[in-house]
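Chains A and B are the protein sequences, given in the same order. So in the working numbering, spot 556 of the first sequence is number 872, and the numbers just go up one at a time. So in the working numbering, spot 67 of the second sequence is number 383, and the numbers just go up one at a time.
Hint data in this document are derived by calculation from the structure and do not stem from the laboratory. Careful: at least some of the hints might be erroneous.
What the hints assert, rightly or not - Calculated lysine to aspartate or glutamate pairs in the EDC-like style (CA-CA distance at most 16 angstroms, straight line):
{"id": "1", "chain 1": "A", "residue 1": "K721", "chain 2": "A", "residue 2": "E682"}
{"id": "2", "chain 1": "A", "residue 1": "K417", "chain 2": "B", "residue 2": "E659"}
{"id": "3", "chain 1": "A", "residue 1": "K953", "chain 2": "B", "residue 2": "E925"}
To be verified - Derived list of chain B stretches under chain A, where covered just means 3 residues or more per stretch with a C-beta under 8 angstroms from a C-beta of chain A:
{"id": "4", "stretch": "318-329"}
{"id": "5", "stretch": "503-509"}
{"id": "6", "stretch": "730-740"}
{"id": "7", "stretch": "750-756"}
Ideal placement from N, C-alpha and C gives every residue a C-beta, glycine not left out.
There are 2 protein chains.
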Amino acid sequence: MLDHLFFPKSIAVIGASNRPLTIGYRITQNLKDIGYKGPIYPVHPKDSEINGLKAYPSITTVPADVDLAHIVVKNTMVPQVMEDCGKKGVKVVIINTAGFKEIGCAGIELEKQIVEIGKKYNIRIFGPNCQGVMNTEKNNPVYANFTFTRIKPGYISILAQSGGVGEVLNQRLSQLDVGIRMYASNGNAADISIPEILQYFGQDPNTKVIILHIESLAEPQEFIRIAKEITSHKPILGMKTGRTAMGAKAVASHTGALMKADTAIEAIFNKCGIISFKDQEEICQSAIAFASQPIPQGPRVGIITNTGGPAIIATDECIEAGLTIAELSEETKYNLKTNLFPEASINNPVDVLATAGPKEFALAIETLLSDPNIDSLLINFVTPFFVDCLGVANQMKRIAQVSSKPIVVNTMTDKKQWAETVAIIKDSDLPSYDLAETAAKALVALTKYGEYRRRVSEKQEIRISEFKDVNKEATKDTIRQRVEREFLSLGEAMGVLYNYKIPTAKFVIVDNPDDILISCDYVGYPCVIKVLSPEIIHKTEQSAVILNITNKEQLSQEVGNIKKRFGQLDAKYLVQEYLTEGTEVIIGANYIENLGHLIMFGLGGIFVEVLKDVAFAVNPLTYSETIQMLQSIKGYKVLEGVRGQKGINLDKLLDIIMRLSKLLTDCHEIKELDLNPVMLYPEANKCKVVDVRIRI
Amino acid sequence: MLDHLFFPKSIAVIGASNRPLTIGYRITQNLKDIGYKGPIYPVHPKDSEINGLKAYPSITTVPADVDLAHIVVKNTMVPQVMEDCGKKGVKVVIINTAGFKEIGCAGIELEKQIVEIGKKYNIRIFGPNCQGVMNTEKNNPVYANFTFTRIKPGYISILAQSGGVGEVLNQRLSQLDVGIRMYASNGNAADISIPEILQYFGQDPNTKVIILHIESLAEPQEFIRIAKEITSHKPILGMKTGRTAMGAKAVASHTGALMKADTAIEAIFNKCGIISFKDQEEICQSAIAFASQPIPQGPRVGIITNTGGPAIIATDECIEAGLTIAELSEETKYNLKTNLFPEASINNPVDVLATAGPKEFALAIETLLSDPNIDSLLINFVTPFFVDCLGVANQMKRIAQVSSKPIVVNTMTDKKQWAETVAIIKDSDLPSYDLAETAAKALVALTKYGEYRRRVSEKQEIRISEFKDVNKEATKDTIRQRVEREFLSLGEAMGVLYNYKIPTAKFVIVDNPDDILISCDYVGYPCVIKVLSPEIIHKTEQSAVILNITNKEQLSQEVGNIKKRFGQLDAKYLVQEYLTEGTEVIIGANYIENLGHLIMFGLGGIFVEVLKDVAFAVNPLTYSETIQMLQSIKGYKVLEGVRGQKGINLDKLLDIIMRLSKLLTDCHEIKELDLNPVMLYPEANKCKVVDVRIRI
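Only chain A is shown next, with the shape it has when bound in the complex:
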């Protein structure tokens, strides 16, 4: 329970100061400015008064209970202060002081030490090296933070790993005159973690939407568990910046090389239904819509406008993001035709004309909202000087208060001259934007979140736990028995796939060229021979791969050649079924510390090598996540069939990927895995893995 942190009954500031340009002063001032109602206890070794408040020489001399203590003393003094806090029975500390794990070894030690002290006394730690928290609860506001932006009550809570980014987001909302509910930036997160705060915001009834900024995730699985639970009823808008240790890791596999800095976190966001943003402005503007509007039931947008150009911009923006411009019902059109000006355009976007007043706007808005073909509404409203704009705004307000469908407004005006009109729209809780793009983007975010909610609520899930026909034990044995090799041999790796009923091209590995002849009777024609030897680096250039052997005669001849060329090497020979003319795909996986596997899918060949057209998802996969992964690559159409070719068997591909997900779930020992290529065909029984690499 973080109530002591966000709703402390009393606050001490250890390291408070009378010098205004210090953090120790600033925090006391911030608490006073926001009207914090509990007692504030500055702690200072000498001064008996700080910033007009009675001060105490140490936390232990404070005459009453202390819920929350800020610690702003020098880093090396923090352990002693923590001990004092423990003795005093302080519930939670915010350690603003820097100089902990972010500075290297000495700091890491110091941070360990304070965590231990915290455990000993049951003190929760927020920070160190952090800003703090804020809340705007009417009767109990708190500004336990040394930043400076003025805040007011609202429904958006901000959780930011980077204090700098958190403060900018807060500033932006403040400048847009939008309130926030709670704010937290926990720096090094030695104890109280991002997932824990997220959970707290998730349970807070006055937080309607959470803005989350992330640079890296220490506890991804815990994060996923909590975030998924929250997004099932409350939106999280996420923004990831910069490079992570995850992405920077040196990697040996194809899959690893295709991972970008933010691949893992993007995949995590995607799995949790966190709407992902790359832009601070967009995340703030979208949050404003989430704070007041219901979630659309589908992608069909209605647009009402009283000016042409901006409606085109809104339309472009919606369509490009995958929304649809709703086809209006006949009833709606009739209604508009009958009641709007004769020159009005009654098709979506509905142009009520610049001369439209309160009556026309109200009619159009109510008619569109009641059309079953419409899921959401965007209003483009320029304020002509010859129109009763106040009346229009009042109509919007009246209707917005009873609408069960989301509405966003693009109010195009000179805010100084039309201040009253702007105020009414604002007061109506309608998200009002200056630009058509911004309004449309907010609607896109609302719609995306609605899609996620519908997707996870679909019950036709196949779960990997349903695969009972796999042989986990044999696989574990294979992994255990491998001796000091990072990579499984091809035979072992193929065996692992066999254990999980992932189909592989028929193959035999023999030690002697003469055995190739017999092997082919098993493998069949056409077949391929690969000479396997550490001395052969470039198989193709050294003619150590012979493709497409179609008959016994050709085979005998090739075996003769092989003997001549490679007979003296300590080589093995792979004889494998030769698969052609299918669709080549690559399926891979990379193990990320603490997270588990990221699974990758992409079309093979040039698609992956030139276009990097791949998708990642966090293991374990559900059926719908797997489908989403396939559909998210640009070349998806190739799987469905192009240029007169039949599409591949999608069910079989799904089965292969989900069995792989099961394998990876069972065997965390697998660090990297590439199935490359997997050859796919319209016929399920022809789809097979051709080559596999598994690193343990």
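Since the structure of chain A is already known, use the hints to place chain B on it.
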């Protein structure tokens, strides 16, 4: 000369009114509000005073010369009013009245009529169905427009086809407290055109940057000529919205089908060096940077920050847009190391730390600006309460005034509390943004424009006029002689290519299956046979294409089969050299009315069919435009060689495309053309066009 429009010595308002909610009143009020210094003559049939100004019963009764007359009377009355204006000697009219060509036939007639009257009396017409113009010249400001946003002097001029979009852009700049220089939205553009206004803005010394909004272009070639001239010395920032008639045209070719709504205008912008935007916010914010900053000499950005997170955002944004984070010189690093706080990060981005004051900021800024490795500077400045922020701002101002390299600032603050600091930065002419992304995007736009300027100034151009070895006359003959067919026959089309020395696969067309045998002696092996007959629709399914015939025996056999299967048809037979294992590309062209040809380039097969990975450029092409077109496709690397394959002969590809450009320049009769596929190889002499379609 549009001086009479933008700097009129006197203005009449024909259709002025005493009712405040009318356009006729509003214009008089706007002129008064902005402090227009010339005489204003309201014209009203009855009232002798309008809005406190002496009014006249008709324009002819005005007692002095009239430079500019607004016309806001009913559309059908406009011709008569124009006649009066003619008699009075009015120089230019702004016809705000709607109801002309935008309403269909009657309006088109009316518009023609007023254009004729204009010609007769030498009156220039702005509009009809338009807003008007504005300028903020100190001693001669004009607000000849019925909109309502307050403006102040600045260096950005706005030219918008859509009045709605123009007004929103103007509002946004006004809200950002940024001035404008001139404004024009000319509606139907019956006489004074977009290119003409553009040229005027281009020549105006106080316009430092032009914002241009376009929905469609009536005179693309004129536009290109003028825009190119302007962008050689002054930036144009362009935004295209909505669908154009150009893009919506029904088309028969591959090339046509791949054109999107805004393909033509994007290609035109690209050719002219107009920086293209899809977002009103971004175009306004970038214009602010162009209005005060020099153009970067290259893509290497230096970043100075006093907070971590936002610097990461700026870095991400710059790198994603193709800029580079400059490698600092050793001298710079030494300087920073010696003079900044010890914990400061002296690599780019340079983190001067939150505690950095005026001295540290000044040192960092001046050091980076003088580093020859740096082309531009981005400053991330959060205003810590414990720092002399005014001092920092003053240092920025001092340095900005003498810097020859562009600087953008991301000022992160609470603008109410830090108003003075913000004011100093603003006063310094430094573009100051609220968010790191916005600052970075503005820098990206500056850099892109710089790249364009460098690109066009390179003199190593090959010009298509240099191709003296083409046979234009023979081609014209071929086109003329074709009888009532839209498409040239394959033989004719191949002949056209031959005339322009565009290499084609060897081929022969014969009427009799027996002649195939002889033809192959000329074509050589391997070869391909195609049966050509209107009765054969699906060549492949009907086995009317026989690929890869490798010897005479096989040929005889196939000819026998052909006789059996197609002997009874009135068919012709194409025997062609069979090209395999090259890189397939498609080159196409589409003729656009008034513009000329758009040339398309893309990789063949799945690249074009699934990924639509193609690029367009406006004919005629220069050498650098052609290279840019090739490089702009996502699959460009394929041309350079991937997966161990050698790249194709780029010089030969360039030669083919530029010869095609010459052909299209000579023959506007060609409406659509597809070279599909063109097979390319490392060897120039192997590169050949396999199939061609030309529609006249």
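Status of each hint after checking the structure:
1. K721(A) with E682(A): holds (11 angstroms)
2. K417(A) with E659(B): holds (15 angstroms)
3. K953(A) with E925(B): Status holds; Cα separation ~9 angstroms.
4. 318-329: violated (count 0)
5. 503-509: Coverage by chain A is violated here, the residue count being 0 at a Cβ distance below 8 angstroms.
6. 730-740: Check passed, 4 qualifying residues.
7. 750-756: holds (count 5)
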